[in-house]
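So the sequence lines, in the order shown, correspond to chains A and B. Position one of the first sequence corresponds to residue 1 (this note's numbering), numbered consecutively onward. Position one of the second sequence corresponds to residue 1001 (this note's numbering), numbered consecutively onward.
In case anyone wonders, no lab produced these hints; they're calculated from the structure. It cannot be assumed that every hint is accurate.
With a cut-off of at most 27 Å between alpha-carbon atoms, the simulated DSSO-like pairs for lysine-lysine come out as follows [to be verified]: (1) B/Lys1040 with A/Lys92; (2) A/Lys482 with A/Lys368; (3) A/Lys177 with A/Lys239; (4) A/Lys101 with A/Lys239; (5) A/Lys143 with A/Lys92; (6) A/Lys461 with A/Lys496; (7) A/Lys239 with B/Lys1090; (8) A/Lys101 with B/Lys1090; (9) B/Lys1090 with A/Lys92; (10) A/Lys143 with B/Lys1090.
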Amino acid sequence: MSGDTILGFDEAMAKYDPVLGFEVHVELNTATKMFSSAPNVFGDEPNTNVNEVDLGLPGVLPVVNRKAVESSILIGLALNCKIAEHCTFARKQYFYPDTPKNFQTSQYEDPIAYDGYLDVELEDGTVFRVEIERAHMEEDAGKLTHMGGAAGRIQGADFSLVDYNRAGVPLVEIVTKPIEGAGSRAPELAKAYVAAVREIVKNLGVSEARMERGNVRCDANVSLRPYGREKFGLRSETKNVNSLRAIEHAVRFEIQRHAAILDAGESVVQETRHWHEDTKSTTSGRPKSDADDYRYFPEPDLVPIVSTPEWVEELRARLPEPPAERRKRLQADWGYTDLEFRDVVNAGVMGEIEETVAAGATPAVARKWWMGEIARRAKLADVDPAALGVTPAVVVELDRLIASGAINDKLAREVLDGVLAGEGGPAEVVDARGLAVVSDDGALQAAIDTALAAQPDVAEKIRGGKLQAIGAIVGGVMKVTKGQADPGRVRELILKTLGVEG
Amino acid sequence: MAAINRDDVAHLAQLAHIEMSDAELDKMAGELAVIVDSVKSVSEAAGADVPATSHPIPLANVMRDDVVGHVLTAEQALSGAPDTEDGRFKVPAILEED
Chain A
1 MSGDTILGFD EAMAKYDPVL GFEVHVELNT ATKMFSSAPN VFGDEPNTNV
51 NEVDLGLPGV LPVVNRKAVE SSILIGLALN CKIAEHCTFA RKQYFYPDTP
101 KNFQTSQYED PIAYDGYLDV ELEDGTVFRV EIERAHMEED AGKLTHMGGA
151 AGRIQGADFS LVDYNRAGVP LVEIVTKPIE GAGSRAPELA KAYVAAVREI
201 VKNLGVSEAR MERGNVRCDA NVSLRPYGRE KFGLRSETKN VNSLRAIEHA
251 VRFEIQRHAA ILDAGESVVQ ETRHWHEDTK STTSGRPKSD ADDYRYFPEP
301 DLVPIVSTPE WVEELRARLP EPPAERRKRL QADWGYTDLE FRDVVNAGVM
351 GEIEETVAAG ATPAVARKWW MGEIARRAKL ADVDPAALGV TPAVVVELDR
401 LIASGAINDK LAREVLDGVL AGEGGPAEVV DARGLAVVSD DGALQAAIDT
451 ALAAQPDVAE KIRGGKLQAI GAIVGGVMKV TKGQADPGRV RELILKTLGV
501 EG
Chain B
1001 MAAINRDDVA HLAQLAHIEM SDAELDKMAG ELAVIVDSVK SVSEAAGADV
1051 PATSHPIPLA NVMRDDVVGH VLTAEQALSG APDTEDGRFK VPAILEED
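Only chain B is shown next, with the shape it has when bound in the complex (with noise of 0.2 Å):
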């Protein structure tokens, strides 16, 4: 049984802001349904003891000094940006405000 049908694929898309067609919400849909049962299968191998990965390599604390490194000039950051002004990254307003 499928976890995700094509309204989830629909609604996914839109949160991650990505334009689909009608055909290829009919085809992710299958694809991820697919996808999601396999994940569900390695769950169900998983026992409750076992606690969830988060990262593929066993490693923590890569932490470094607060210490200034590597910085920019307004030049440099901006330098790809569509559109500047005064120092700054020019956008569109958006009104969907947070």
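Here chain A stands alone, though its shape is the one from the complex (with noise of 0.2 Å):
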């Protein structure tokens, strides 16, 4: 399929300058459409959520979601934008089956939210701004799938079947400027401008910003221009990249696609470009044509949107602490390095951590679960360590057993298999396991006297003061009793046979 020729990336940014400009799709998660009463549920069977409205049938009358209007508007207020104090809804007119109105209804010229700026945080630090030039309201289409023909592609598909559950969703459209600026990190920062919008409308508690599920969708503007040129190049869009990686893939793939073209002396297709996650390449989509005239007019059935100063200060005032503000807070509060930190932001655990230190667990406990055991399993099981289904009150149940010498680390371990399994919280597991610590002394010293037995020589060294041999003869009794005793206690009735001063 891409027979394109790339130029290397060092190559591409030594010659070229990219341009970047991204439209983020966010899903609001209302309970109900945008213009509709129909329930907004992912998952749920085919068309058994619409109504009328949402199949576009005659006679019919939208009437606009008021939550909807507001998560919109904090949206707006979260990426430092301007909120139209007037604003209306428009029909973008297209044929194609996911929308059975041959419209989406939209904003045109009068989007809710305009002209504002996010500051993005790259890995080193760095902070970019990256200008938003509007975020406007909009419905979601419908869910196409393709049959027939080569494996769900729409190439040679015979027919298709169609989902409208989808249809009339909110969404969202934030669009950037064109960026500029970004040079080698341009790649980098595509990642981290979509990662920092879903941070937000996650923050704001007004999508559920889960990319694989379709909530937060990115199209992406490439284009590059001779260093120097003040002129933008002929831009590619590569659409509907549904994950942080691949937009950072994506954006690189281009700018290395569209230097071999600039290099061969050839001009850049203006078009709209597919992104395929197997070849981590994109193919052509179709060429921007009259088929982009989408005739947009006021949409008649839907009266203005007018915000008073009074609502926006109410939602103003309803804005979470910004997320990174927030980052800063707690780091310094949890008093992790800067290291550290990245890591836990960069697995995604920062809320699980905040959580459990909540519930009562030290910063150190719950970095120490979320990013090493929970971390461990999650990544096995190629899930979120958030989805995993490890609560903050298991970790810091487990922690508390821990502390208490009821279990120990490896126990522990054992512990959370059980929880994971479904076996109740992790006292009930240790109960019904039979997990607890070893801490009948006389099973115990029966085992070391075994261990003492097989190693004399262990046994003459520590004697001797040699108090590190000990390790082997602690080693030996946890064997015996698999895993189930206090190394502690082990190693303090070991010296205490020995006759040697701990």
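Two chains, two separate frames, one set of hints: put the complex together.
This is the structure:
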């Protein structure tokens, strides 16, 4: 499919200056649709969350969802935008079966929010300001499944099946101004920008912000120009790139592809591109054409939205602490180093650690669990740590059981197995599985005597004061007791047996 | 001077998926030109201080609460469809992706 020549990234960057632009669609988590009272729920049986308005049946009258408008204003405020005092809806006409009305209700000339910015922090702490052109309200389209042909691709499909459950779900489309000056950090900035938008809408509580479900979707515009030239080059628009990693890769690929075209003295085709995760490349979608003449006109069935200063200020007062400030505060509270904190953020467990600390764990304990055992298991299961099913309360209880000597770290991992297998809370699992440490000194003494007898030379070293040799005996005892002993207590008993002062 | 000609009408017809005969295109080009000219005279009458009207009724903020209301069953939703499969609308494959 992709026969595109590409230039090495470093070479491309040495010759050309990239200009980026993003359109990010955010699905709002309202209970109902943008213009109808049908439920906004993901994953239900097809065509069970629709009514006449969503199906575009004749004679229906859409009515705006107040909460969706408020969520849109909140997003605008969080992106440092101005909020329109007066704005309208418009019809964007196109013919495609994902929209049963043959138009999408959107906003055109007067978006609800405009002229904002977002300060995006790159991995090394560099802050890059991305200017926001606008954020406007619209509705999502239905979902098409292409049947027949090759593996669900539209090429060669015999027919398509349509589920309109998603049709009419409230969307906010956030459009940036052209982003200049990112240079070789363009791919990284692309990823960081979308991550920042995702974090903001999640923090606002206005979207589930799950990219794998399409709650946040990104179209990435890329163009190149020779350094020093003001005029932008021709751009490509890579559609629906749906993971943070893919956004970084797609921007990088497009820079390399454009560079090869320009190097060959040819001209970039202004077109949409499709991202392919399997080949980490894009292929041509369709060229921009007459079909892009959407013949927008004001939506006659909806009246304008007028925002009073009182309404906007009431919403502004509801804004949560901005994510960047929250991070600074939490790092200071927890006393993590920059590196530790960055790892926590990149692992996506900052919120989980915050809740775990709030539930009573120390920041160190919370980090140990979320970055250690839980992260390891999440990686194995290929899910986010938060999605594994470990709650902050479980972490706190596990830690309490360890601190009280009821279990040790090794047993705690087994307890976690039980919790994840649905066997109950940690204490219940300890009881049910008989995982409490062996605290019966008689049983321990027998194991110690056996271990000492098996390694008389080690016993002699310990008697001679070489206390570091004790590890071998402790290890032997732990093995015999299948890890169900408290190593501290074992050590004490060994010293006592040998008559050595600890 | 008409702001719309026969080619414009043919173009619009294509965008709107309306099939029109040559005779219809000729006729509509003439009629639409008159309409566009009429609209233009309204624009001339309205000064720069008059905002464009998007709606004839002076209303704003007609909104509803975010509460689930009327919803159809899949059977009802599909009842008017020419063809269905697996609880979904069945449509011809359309190669124009967006």
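Each hint tested on the structure:
no.: 1; hint: B/Lys1040 with A/Lys92; verdict: holds, 23 Å
no.: 2; hint: A/Lys482 with A/Lys368; verdict: holds, 24 Å
no.: 3; hint: A/Lys177 with A/Lys239; verdict: holds, 17 Å
no.: 4; hint: A/Lys101 with A/Lys239; verdict: holds, 23 Å
no.: 5; hint: A/Lys143 with A/Lys92; verdict: holds, 18 Å
no.: 6; hint: A/Lys461 with A/Lys496; verdict: holds, 15 Å
no.: 7; hint: A/Lys239 with B/Lys1090; verdict: holds, 25 Å
no.: 8; hint: A/Lys101 with B/Lys1090; verdict: holds, 16 Å
no.: 9; hint: B/Lys1090 with A/Lys92; verdict: holds, 24 Å
no.: 10; hint: A/Lys143 with B/Lys1090; verdict: holds, 12 Å
Taken one by one, the earlier hints all hold for this structure without exception.
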